[in-house]
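Trainee: Below, each chain spelled out in residue letters.
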Amino acid sequence: MKFKSQSISWAFFAAALGLFALQLVYGFIMGFARVGMDGLHEWIPFNVARAVHTNLLVVWLITGFMGAAYWIIPDEADRELWSPKLAWIQFWSLMAVGVTAVIGYHFQWWEGRKFLEIPRALDWLVVANVLTFLFNILMTIWKGRHMTTTASVLFFGLLTAALLYLPGMITFESAVLDSYFRWWVVHLWVEGVWELILGAVLSYLLIKMTGIDREIIEKWLYVIVGLTFLSGILGTGHHYYYTGAPRYWLIVGGVFSALEPLAFLGMAIYAIAMARKGGRDHPNKVAMRWTLGCAVMSFIGAGFLGFAHTLPQVNMWTHGTLVTAMHGHMAFWGAYAMMVLAIIAYAMPQMTGRVRYRGWVAETSFWTTNIGMAGMTGAFAVMGIAQVYLERKSGMDFLDVQEAIEVHSWGLILAASLFAVGALLFIRNFLSYGRPNTEELAA
Amino acid sequence: MLSKSGAKAFFLGGTFLCATAFVLLTLDTLAQFPERSNEENLTEEVIAGWKIWERSNCMGCHTLMGEGAYYAPELTRVIERRGTPWIREFLKDPQKFFPGRRKMIKYDFFDPAVDPEADENLDHILAFFAWIQEVDTNGFPPKPDIVTQQAAAPMPGAASAVDAWAGAPDYFKAVCTGCHAVAGQGGNVGPALDGVATRYERDYLVNWIADPQAVKPGTTMPALGLDPETLEQIVSYLETLK
Ligand code: HEM
Ligand code: HEM
Ligand SMILES: [Fe+2]
Numbered sequence: 000m001k002f003k004s005q006s007i008s009w010a011f012f013a014a015a016l017g018l019f020a021l022q023l024v025y026g027f028i029m030g031f032a033r034v035g036m037d038g039l040h041e042w043i044p045f046n047v048a049r050a051v052h053t054n055l056l057v058v059w060l061i062t063g064f065m066g067a068a069y070w071i072i073p074d075e076a077d078r079e080l081w082s083p084k085l086a087w088i089q090f091w092s093l094m095a096v097g098v099t100a101v102i103g104y105h106f107q108w109w110e111g112r113k114f115l116e117i118p119r120a121l122d123w124l125v126v127a128n129v130l131t132f133l134f135n136i137l138m139t140i141w142k143g144r145h146m147t148t149t150a151s152v153l154f155f156g157l158l159t160a161a162l163l164y165l166p167g168m169i170t171f172e173s174a175v176l177d178s179y180f181r182w183w184v185v186h187l188w189v190e191g192v193w194e195l196i197l198g199a200v201l202s203y204l205l206i207k208m209t210g211i212d213r214e215i216i217e218k219w220l221y222v223i224v225g226l227t228f229l230s231g232i233l234g235t236g237h238h239y240y241y242t243g244a245p246r247y248w249l250i251v252g253g254v255f256s257a258l259e260p261l262a263f264l265g266m267a268i269y270a271i272a273m274a275r276k277g278g279r280d281h282p283n284k285v286a287m288r289w290t291l292g293c294a295v296m297s298f299i300g301a302g303f304l305g306f307a308h309t310l311p312q313v314n315m316w317t318h319g320t321l322v323t324a325m326h327g328h329m330a331f332w333g334a335y336a337m338m339v340l341a342i343i344a345y346a347m348p349q350m351t352g353r354v355r356y357r358g359w360v361a362e363t364s365f366w367t368t369n370i371g372m373a374g375m376t377g378a379f380a381v382m383g384i385a386q387v388y389l390e391r392k393s394g395m396d397f398l399d400v401q402e403a404i405e406v407h408s409w410g411l412i413l414a415a416s417l418f419a420v421g422a423l424l425f426i427r428n429f430l431s432y433g434r435p436n437t438e439e440l441a442a
Numbered sequence: 000m001l002s003k004s005g006a007k008a009f010f011l012g013g014t015f016l017c018a019t020a021f022v023l024l025t026l027d028t029l030a031q032f033p034e035r036s037n038e039e040n041l042t043e044e045v046i047a048g049w050k051i052w053e054r055s056n057c058m059g060c061h062t063l064m065g066e067g068a069y070y071a072p073e074l075t076r077v078i079e080r081r082g083t084p085w086i087r088e089f090l091k092d093p094q095k096f097f098p099g100r101r102k103m104i105k106y107d108f109f110d111p112a113v114d115p116e117a118d119e120n121l122d123h124i125l126a127f128f129a130w131i132q133e134v135d136t137n138g139f140p141p142k143p144d145i146v147t148q149q150a151a152a153p154m155p156g157a158a159s160a161v162d163a164w165a166g167a168p169d170y171f172k173a174v175c176t177g178c179h180a181v182a183g184q185g186g187n188v189g190p191a192l193d194g195v196a197t198r199y200e201r202d203y204l205v206n207w208i209a210d211p212q213a214v215k216p217g218t219t220m221p222a223l224g225l226d227p228e229t230l231e232q233i234v235s236y237l238e239t240l241k
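Sequence order for the protein chains is A and B.
The opening residue of the first sequence carries number 0 in numbering that gives the first Met the number 0; numbering runs sequentially from there.
The opening residue of the second sequence carries number 0 in numbering that gives the first Met the number 0; numbering runs sequentially from there.
Calculated from the structure, these hints are not laboratory results.
All of these numbers come straight from a predicted model, not from anything done at the bench.
Cβ coordinates follow ideal geometry from the N, Cα and C atoms, glycine included.
Check the hints yourself; a few may be wrong.
[Unchecked claim] Residues from chain B shown here face chain A by an in silico Cβ test under 7 Å; the list is partial:
#1 F9
#2 I46
#3 A47
#4 I51
#5 T62
#6 G67
#7 A68
#8 P72
#9 E73
#10 R76
#11 P84
#12 N137
#13 P141
[To be verified] For lysine to aspartate or glutamate, the following DMTMM-like pairs were computed, each having C-alpha atoms within a straight-line distance of at most 20 Å:
#14 K113(A) x E53(B)
#15 K102(B) x D122(A)
#16 K102(B) x D77(A)
#17 K105(B) x D37(A)
#18 K113(A) x D77(A)
#19 K102(B) x E172(A)
#20 K142(A) x D77(A)
#21 K105(B) x E41(A)
#22 K50(B) x D144(B)
#23 K95(B) x E214(A)
#24 K102(B) x D399(A)
#25 K50(B) x E110(A)
#26 K95(B) x D396(A)
#27 K95(B) x E402(A)
#28 K102(B) x D212(A)
#29 K50(B) x D122(A)
#30 K276(A) x D212(A)
#31 K142(A) x D122(A)
#32 K95(B) x D37(A)
#33 K50(B) x D37(A)
#34 K7(B) x E214(A)
Given only the sequences and the hints, what does the whole structure look like? Please build it.
Mentor: Put into structure tokens, the structure is as follows:
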């Protein structure tokens, strides 16, 4: 660790992992409900469990992004964080808002808009919080000694993510309009500006771990984020095929979203090529594995499985079935969850001065989570494809189909259990590092 | 070989072009929405129905225009599929219609026995469904295109059911057949009603339908709160089932 204030990331990482664990609990509640074990229905019905599951996901990822920024930005700018005190205030207020939202969902304090369930009143607090965060980061870059491409792409990604939250806060009278602008947040986040954050964090990790010249890595970073926006912005159209928007979105959305996998493919090739070329054999093999794993799994989950249902001819049948859940899981995992875990795996030894990346815990955690997630994706895929053929294509009743495919929900639960073991191992590994150690620096 | 500044120019240029195109297409889409979504029919009632939809997070289990969750059925064309009378009855106490199967929440604001405004709320949510099913969705949800010989019960009102239920009152076709079959067509929650007239007297049938709980406490059949005229029509129809 170069600067004392970087240690603030620890709080963000710890909170992210805690919320991650809680997210899984709600995943299991839904998994069991799908096989008829819905004993919690009176208190936590499916729609509550779902809102909590997906919102915890988004909150822990964003918490992780912020932790990553508080770690990376001082390092890149080559100075202490502008105001550690402000960062602490921002941390605790973020937690307060997040926890309030999640508790509120249990009492139907929400908006029924998938992924954007946070009530409007809390939205304003989220905005205030994120502005505080961005201001602190911006001041650090501004006052810093360098302004690197990695840092500016990271900042630009975070800033635009904040701006794109706003269209989700407009009030409409028409459900069709509401849906149209909901995608400005949801799609333009995960298939747009979040990819900038992803690209920048990967670039930072590759620069640090492979020892390859920054100029080369950052050049490719530009190419990748260029491809992202070239395809991803108009690719939003793949959500406008069947939701009331004009017909031309079938062509615009189809063509551009079909190009989206290129950015992910680029990311995977770039990470692997840099790792191969890199002369330096970084001792933290586990962090390197998470970094490469993230690049590869995001291509599989977002690029490959996204492409699988993005053409309008296919999406006509798969739209709104469990096929979407298949893709959603692997994409969020590969791209964003693994990215947060990668930066944690990289930063912890430096933050604490301890070496805990050798041994079976760290290693097993990587493989178990990934094999578990592959199994979950497979279970969703089988259920989704069966649902498409039985319900959509041959007109069988919804509930009859769900009962016919119920056994695969047991497959889902089994694979999810493996995944959860891996996640707990990661957390155990994290805890074994202990608290940040700043004495070394002072000395 | 591509230089770093070349790569940067590619990023900025591509982003600018695509973002501009996206904004222009959005403007055109916004101009087309009023017609495609029949904005003139977007009444207070429809909006009130949508508010119920939002407030209850129905999308946390169902999909609408394919958006939402995958735990419960797609609802864009639910009126076409089930008819309004069935939906009305169903929403009052959903689990009664699918006992022992996947549960839907029972909302007190849809139950006239609990909430005096329930009927109004039902009107609103039905108005919302009626509006959304007229939105031009480019053909979604698609019609099944694989013909099968499956024996699954058809939806009330499906073409194959028309002959089987010849002579039945509309209410019977829309609601009762959700649970009961006649001539092999209909639901299987309650017993089939073929030959029901040979098993029960007219008076018994009237009392039964008016208040099943009073006749057989603990039965899963709900009291439907029929007006005398509909009740009369239904019982007369049942009497033909010998
Ligand atoms: C890391 C990037 C990505 C993430 C995290 C992600 C996640 C998701 C999620 C959660 C949904 C469900 C959204 C909802 O219904 O509210 C979704 C839908 C969809 N995604 Fe992605 N996605 C990513 C990238 C991609 C890419 C690159 C493609 C195309 C090549 C793609 C194609 C689609 C399509 C077509 C749908 C709509 C599914 C439907 O009609 O039900 N996604 N994605
Ligand atoms: C214990 C592990 C997990 C289980 C059992 C589980 C189960 C589920 C279930 C049953 C749903 C609802 C699908 C429906 O609407 O019917 C869901 C939704 C979702 N979960 Fe998970 N999940 C788990 C872990 C995860 C993880 C680790 C991630 C992300 C990295 C994730 C991301 C999502 C997303 C994005 C959705 C919304 C998908 C969509 O709308 O298409 N889940 N999950
Ligand atoms: Fe998308």
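Trainee: Compare the structure with each hint and give your call.
Mentor: Results of checking the hints against the structure:
no.	hint	result
1	F9	5 Å, holds
2	I46	6 Å, holds
3	A47	11 Å, violated
4	I51	9 Å, violated
5	T62	4 Å, holds
6	G67	6 Å, holds
7	A68	5 Å, holds
8	P72	4 Å, holds
9	E73	6 Å, holds
10	R76	12 Å, violated
11	P84	19 Å, violated
12	N137	6 Å, holds
13	P141	5 Å, holds
14	K113(A) x E53(B)	10 Å, holds
15	K102(B) x D122(A)	31 Å, violated
16	K102(B) x D77(A)	57 Å, violated
17	K105(B) x D37(A)	15 Å, holds
18	K113(A) x D77(A)	40 Å, violated
19	K102(B) x E172(A)	30 Å, violated
20	K142(A) x D77(A)	9 Å, holds
21	K105(B) x E41(A)	10 Å, holds
22	K50(B) x D144(B)	35 Å, violated
23	K95(B) x E214(A)	67 Å, violated
24	K102(B) x D399(A)	14 Å, holds
25	K50(B) x E110(A)	9 Å, holds
26	K95(B) x D396(A)	18 Å, holds
27	K95(B) x E402(A)	18 Å, holds
28	K102(B) x D212(A)	58 Å, violated
29	K50(B) x D122(A)	19 Å, holds
30	K276(A) x D212(A)	11 Å, holds
31	K142(A) x D122(A)	30 Å, violated
32	K95(B) x D37(A)	17 Å, holds
33	K50(B) x D37(A)	27 Å, violated
34	K7(B) x E214(A)	12 Å, holds
The structure fails hints 3, 4, 10, 11, 15, 16, 18, 19, 22, 23, 28, 31 and 33 (numbered hints given earlier, in ascending order).
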